[in-house]
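Construct all of the structure, not just a fragment, from the sequences and the given hints.
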Amino acid sequence: MILIADFFLDAISIYTVFLPILIPVMASFGWDPVWFGVVVTLNLAICTITPPIAVNLYVASNISGASMEEVSRWVLPFFAALMVVLVLVMFIPALSLWLPDTLGIR
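Quick note: the sequence shown uses my numbering, first residue 257, plus one each step.
Source of the hints: derived by calculation from the structure; they are not laboratory data.
Possibly wrong hints are sitting among the right ones.
Said to hold, decoys possible - Quick list of the computed label-pair ranges, beta carbon to beta carbon:
{"hint": "1", "residue 1": "PHE335", "residue 2": "GLY293", "range": "15 to 23 Å"}
{"hint": "2", "residue 1": "LEU259", "residue 2": "GLY360", "range": "16 to 24 Å"}
{"hint": "3", "residue 1": "VAL281", "residue 2": "GLU326", "range": "33 to 41 Å"}
{"hint": "4", "residue 1": "ALA350", "residue 2": "ILE268", "range": "25 to 33 Å"}
{"hint": "5", "residue 1": "PHE285", "residue 2": "GLY321", "range": "43 to 51 Å"}
{"hint": "6", "residue 1": "ALA283", "residue 2": "PHE334", "range": "27 to 35 Å"}
Idealized CB from N, CA, C, for every residue including glycine.
The structure is reproduced here in structure tokens:
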């Protein structure tokens, strides 16, 4: 749902609009809040490099002086890595929870 919202909103707006809706859903399903926060953050990181909003692509394009097409080509490996990490964290929650558990934070 967050990845689809990226077509219409930027990351801050998605946080503002969707988190008040999704946090009660998270609680009702019994999902871990730390895991949920990591999943939402990964989703929004992906949103910042995927069109049509792609705030980070615009920034990288303006700073480097390269075209959006050139910047997009260099971002593809990062996009693929973020998608793999998102899928892994979604299906193996221990990946995002081992550090808080190890440090005794959770």
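For each hint, the structure was consulted:
1. PHE335 to GLY293: 15 to 23 Å: Given a distance of about 21 Å, which is inside 15 to 23 Å, the answer is holds.
2. LEU259 to GLY360: 16 to 24 Å: violated, 33 Å
3. VAL281 to GLU326: 33 to 41 Å: Once the Cβ atoms are compared, 40 Å apart, the range 33 to 41 Å for GLU326 and VAL281 holds.
4. ALA350 to ILE268: 25 to 33 Å: Hint holds: Cβ distance 30 Å, inside 25 to 33 Å.
5. PHE285 to GLY321: 43 to 51 Å: holds, 46 Å
6. ALA283 to PHE334: 27 to 35 Å: holds, 32 Å
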